[in-house]
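J.: Here is what each chain is made of, one letter per residue.
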Amino acid sequence: VQRSPLIPEMATQEVQLNETLAHLKTESETLKSKLEEERAKLHDVELHQVAEKVEGLGQFVMKTRRTLKGHGNKVLCMDWCKDKRRIVSSSQDGKVIVWDAFTTNKEHAVTMPCTWVMACAYAPSGCAVACGGLDNKCSVYPLSLDKNENLAAKKKSVAMHTNYLSACSFTNSDMQILTSSGDGTCALWDVESGQLLQSFHGHAADVLCLDLAPSETGNTFVSGGCDKKANVWDMRSGQCIQSFETHESDINSVRYYPSGDAFASGSDDATCRLYDLRADREVAIYSKESIIFGVSSVDFSLSGRLLFGGYNDYTINVWDVLKGTRVSILFGHENRVSTLRVSPDGTAFSTGSWDHTLRVCDDCYFFIGIKYNQNLCTFNFTPCAPDKPPLSLTATHLPKYSNLKKHIYRST
Amino acid sequence: MKDGIANNSTASISQARKAVEQLKMEACMDRIKVSKAAADLMAYCDAHIREDPLIMPVPASENPFREKKFFCTIL
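Chains as they are written, first to last, in the working numbering: chain A, 15 to 426; chain B, 64 to 138.
The set of hints was computed from the structure by calculation and includes no laboratory data. Hints may contain errors.
Unchecked claim - Only pairs whose alpha carbons sit at most 20 Å apart, straight line, appear in this in silico SDA-like list of lysine to any residue:
{"hint": "1", "chain 1": "A", "residue 1": "K168", "chain 2": "A", "residue 2": "E206"}
{"hint": "2", "chain 1": "B", "residue 1": "K96", "chain 2": "A", "residue 2": "M189"}
{"hint": "3", "chain 1": "A", "residue 1": "K96", "chain 2": "A", "residue 2": "M189"}
{"hint": "4", "chain 1": "B", "residue 1": "K96", "chain 2": "A", "residue 2": "I255"}
Kindly generate the complete structure, drawing on both the sequences and the hints.
T.: Written out as structure tokens, the structure is:
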């Protein structure tokens, strides 16, 4: 069909619209540069420089303490229960399993109507789990004490997106769930009614991950997406309050620093980064030339000093958050590490992999001991690095034993 | 045809306006210096590092994933 030539009136209108658009785009660019200028003014030092005076951490040797076997395909997501012993995991095989990580027993199993269950989360009460994936939904399953009860019967459909569910998290209670989706949005839902409470628009592509701020620091959360952006949102207003765009590829994982003042991200660009919310900028990059595979999942240790990253090259790298150096590397999985979480009390961390398994790990430690009368005595529990003085210097040396040879031991 | 052109442009303009508003709002933020932010991050680490079981391990009796008995190797 031949397009008829525009009549002069229409042409003027179109030109005007284009001019307005161009004007707005220029204004946008100007504001962006100003923002960068303002951020740069406060960039007086690097985090790792300030951290030079901090004591080094020494060597870490991480060990797998439990291996959870039972999924028939790639493990895609996992979450800890607040009781510090149960774990929920979800897989490409369509199954969601609840494990007792101490005993490695499976306590519950649910078969979802779809494969690729990409997200799962434990409710704060420990009485329910949420999950979803290619079904574009997030469903909540109350956990029954009766092992024979069919969990699928009590399933509650809560969230509805127009593309896959990438992540989900309960807020401070079992009553609300936050979701992120391949449809480019995040959303907050009321579990009981399934009602949409707030939606969050701003990402220009799939949102892959989210994390809620620690409860003391207020109602915000951070999300990361395929648009390489990490956005911080106000949960009540739906407003994006801060945005960071320094990664060079998809952001697969975001996690708040325990104080709530910063968050870490892991990306397909093979780096993890730390963003400080009050300085409003990236303050550290955790990378090495030898690390070329993407990061799928990140989490902090309890104090925030260690950052754990699960990588697509099957390894886990452990970073000194302040100094920016790698302190340990853990092998064991036979395929990509897809998910990683530190336990609620910080004693261990769990990883899930495309090799169908989950592992629970913690670290070996070094300590100073004295051999006295064939017995090994350790006065006070004083961990140390194998070649460095103890991290905590305590007055453990009773005069009676001071002339005995001290050895450095490593726990198994 | 006329409406089509107008709609596309108005949608883009609406998006562009939102982007400008968003940037204006972000510009109003009170920021602190990196030196101060770094100091605070370090202070938090320092205050909590002794309770971090992955850095300062607790005795086996308190860590349920470990064996109860105490095994070690001399270096």
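J.: Please flag the earlier hints that this structure goes against, numbers listed from lowest up.
T.: Number 2 - this is the single hint that the structure violates.
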